[in-house]
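> Heads up: the sequence lines are chains A and B, in that order.
Here the numbering used here is used: the first residue of the first sequence is 1, the next is one more, and so on.
Here the numbering used here is used: the first residue of the second sequence is 1001, the next is one more, and so on.
Worth double-checking, as some hints may not be accurate.
[Unchecked claim] Listed next, the in silico SDA-like pairs over lysine to any residue satisfying Cα-Cα at most 20 Å (straight line):
#	chain 1	residue 1	chain 2	residue 2
1	B	Lys1339	B	Pro1451
2	A	Lys102	B	Val1113
3	A	Lys93	B	Ile1608
4	A	Lys135	A	Ile120
5	B	Lys1114	A	Pro103
6	B	Lys1114	A	Leu40
7	A	Lys102	B	Phe1115
8	A	Lys102	B	Phe1375
9	A	Lys93	B	Lys1503
10	A	Lys93	B	Leu1226
11	B	Lys1114	A	Asp94
12	B	Lys1075	A	Ile148
13	A	Lys81	B	Ala1121
14	B	Lys1114	A	Cys126
15	B	Lys1378	A	Asp94
16	B	Lys1503	B	Gly1490
17	B	Lys1378	A	Thr108
18	B	Lys1196	B	Asp1214
19	A	Lys102	B	Leu1226
20	B	Lys1378	A	Leu40
21	B	Lys1378	A	Met99
22	B	Lys1114	A	Ser41
23	A	Lys102	B	Pro1451
24	B	Lys1329	B	Lys1075
25	B	Lys1259	B	Ala1207
26	B	Lys1280	B	Ile1608
Read the hints as simulated data drawn from the structure, not as lab findings.
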Amino acid sequence: MSILAKQLINLIRLLHSETGQNQIASGLAFGIFLGFAPFLSIQTLLVLFIVFIFRVQLGAAFLSAFFFKFIAFLLDPVADKLGRYALESEAFKDLWTTMYNKPLLPMTRFNSSIVMGSFIISLILCPILFFVFRKLIIQYRTTVVVRIESTKYWKAFKATKFYDWYAKYNDLYGKA
Amino acid sequence: MENTTLPNVTPAKLKKPVGPIRWNAIIPFVIICALFYAYFFFFFDTHMRKAMEWGAYQAMGVEVNIGEFKSSFLKGNVKISKIEVTDAKQPNFNSIELGDVRFDLNWDALLRVKFVIEEIAVEGVQFMSTRAFPGKVAPPEPISNKPSFSQQLEDKALNKLNNDNKSNVLSDVSQFLKSGNFDDQIKNLEGQMESKKMLETLNTKWATKKTDWDAKIKALPNGQALNALKDRFNKIKYKDFKTPQELQISLSEIDTVVKDIDSKNKQVNDLKSQLETDLKGLDQDYKNLDAQIKKDIDTLKSRFKIPKIDAASFAKSLFTDYLRPITQKIDRYKDMAEKYLPPKFARMVKGENKPEKDEDAIQPHARAAGVTYEFPIKNGYPLFWIQKIRISSTSNAQADYGDFKGLISDVTSNQRQIGRPTTLDIKGDFKSKNVTGITAYAELNNTAAEPLIKFTFGVASYVLQNLELMKSPDGQISIPKSNTSLQASGEIAGFKTYDIKFKNQFNNVSFNVATADKTVNEILTQTLSTVNQFDLVASAKGPLANLDIEISSSLGADLQRSFENLLKGKIADANDKLQKSINAEIGKLKDQLDGQTSAIKNQAQGEINKVQAQLEGQKKLAEEKVNEAKKDAENQAKSKLQGEAGKAVDDLKKKLGF
């Protein structure tokens, strides 16, 4: 839990720093896989492994997974149709049969129409979301953050003791 | 040149560029992996051994010790040494001891989360080996008031009455020979017969019914009412109608009378169906009464110790104690089957029959139903599959393992997928214990819609010592030593229908006979001295809740022949006397009941039929009258039409000048 809290603080900090837009954008984009896939499945474990090993912002990934879990419920009918279309397609029949008879792969539950549909949606949306989030982060930093930092409230807050403490903490432990 | 003074600024701390890999996460990950490896390397085997010992104790209720559990995760193999299962009755001994059990798990299957073992080798099997220390045995379950399943089977086989009165043929014969006279007891039959009480109740019930029926018959339409209907019919005009209105009035009058007849008919029909219901109840009451009288006679015979001189009674009486330990095991195995079999089979053992989903089917996605597609399985495995368990054991100078070999094949969670049944085939001898020719074959076939179990078990020869066939205060019959063979076979369909046969052949037999009664002793000694061998055949057939158990023996037939001549006349005389006394006791009450019920039967039935016939007659009359009236009206209209047509033709002729 403390890791998650730390990651969320890092997310806010990164949003307000000059670097790390790729980390945040990739975290948010990977979140779609975590949100759309069944909680206990090989693909979830694989995505978690990638997120942990590579410098992807974990807080962003979990926050996005939480958000996309709700979207996944709403998109179930669409995912079901898409999954059925893919699984019933004659062109892929041999591929599915081979996968069904391979070790580990059936554990992804790819043969369920909803899992397959959700996976296809997340596969298509993931790169798009990466670039969209990246652009939004840059825009946020150049417009919103600059505007906030120029307000008198922010300047007043920056002059407080609390901000001094935060700055000190950030110097000591604030590495992403 | 201008001198400029630079402010004393400390150089900004340069941020070390970070690569795409989160190294600070990889190190903890590697440490966790190393800890896992260390756990499996140092502790897993011990924990697994203890877990297996604990689980086996919970399941079997006796201490199970495992000498060593050795596993290799990477090689996927397991070796378990010295498995000792404590004998529940003799905790200083093991009921079974296995020297070594070794097997390899199939990695290809493991990656599919399936457990497939190509071969398990079980070596060094011993029965009743001595333990290093007495094993722990779970305390027995609290005694339930409900009779156990085996007790119910025994009661059924023996006939509950005999069991309740603790009779056996030997003591019955002795007592019967001693007295054979129960006149005094017969005099006091009153209060001992349930059938008499039943008759009294039935008499009261049917006396009330008779009064009811008398009232109902009185309420039936009587002759006066029926005559009134006749009069109403006679008054209705049914010919020579002058106008159609007249015809219409007559028809509606007839209709009113018919409706009255129908309502009376309905009343009679209602009574008739009530009578039929009562008569059915009466038949059932008579059947119950007959069954109760039969039961009373059996109870009295059993109480007066009138022996049953037939082979089956001898066999049941002699061998029930011998067979009891076998039937008692059924309780334990039934409980274990209900507890540990997969739910769909456990339900069959309990006698429930709910359809169950195929256990191997992939569960639907929890989030929403969707569709789960099944593709052809080319090299798939069932969830659990032991392809072969090879059992071998050879005696040596150090340990008496017995010599046998066996193969258990295809133990699996889904026989339909592999298309083969589970089979067991074991053959062997325990020469040091004089047990030879042990054969066991079993087959569990679940490839069809209903699981089918077939088994045979046999021992060609073993020595049985101190077999007590009968022991009572009146004497005992025992066999000090005999060479015995055993053959059992059975078929269980759907865990519901059982067909089990059991045959024991006793050879080279000599009997020890000691009875208090001299005559009985003489007959038994004389009969049994000529018997050198005999058999015991038992069978159980039918559904588990209602097994039909038969026990027979050639020894029973021998004893029947011997005692029959001596006791036949006396027993027939006693039975006759008892029957007469019972008839005298309940005959009067039965006659009274017959009188009441026959009155209801004949009187009510006769009266209802009579009234019904009369009403039917009236209705028929009404129909005839309606037809007559209609015909008359039709004839009149016809003749009128003919007259008018003739007149018109005449007028036309006149006009034309003919």
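> Among the hints numbered above, which are violated by the structure, and what are their numbers in rising order?
Violated hints: 3, 4, 9, 10, 11, 12, 13, 14, 18, 19, 20, 23, 24 and 25; rest satisfied.
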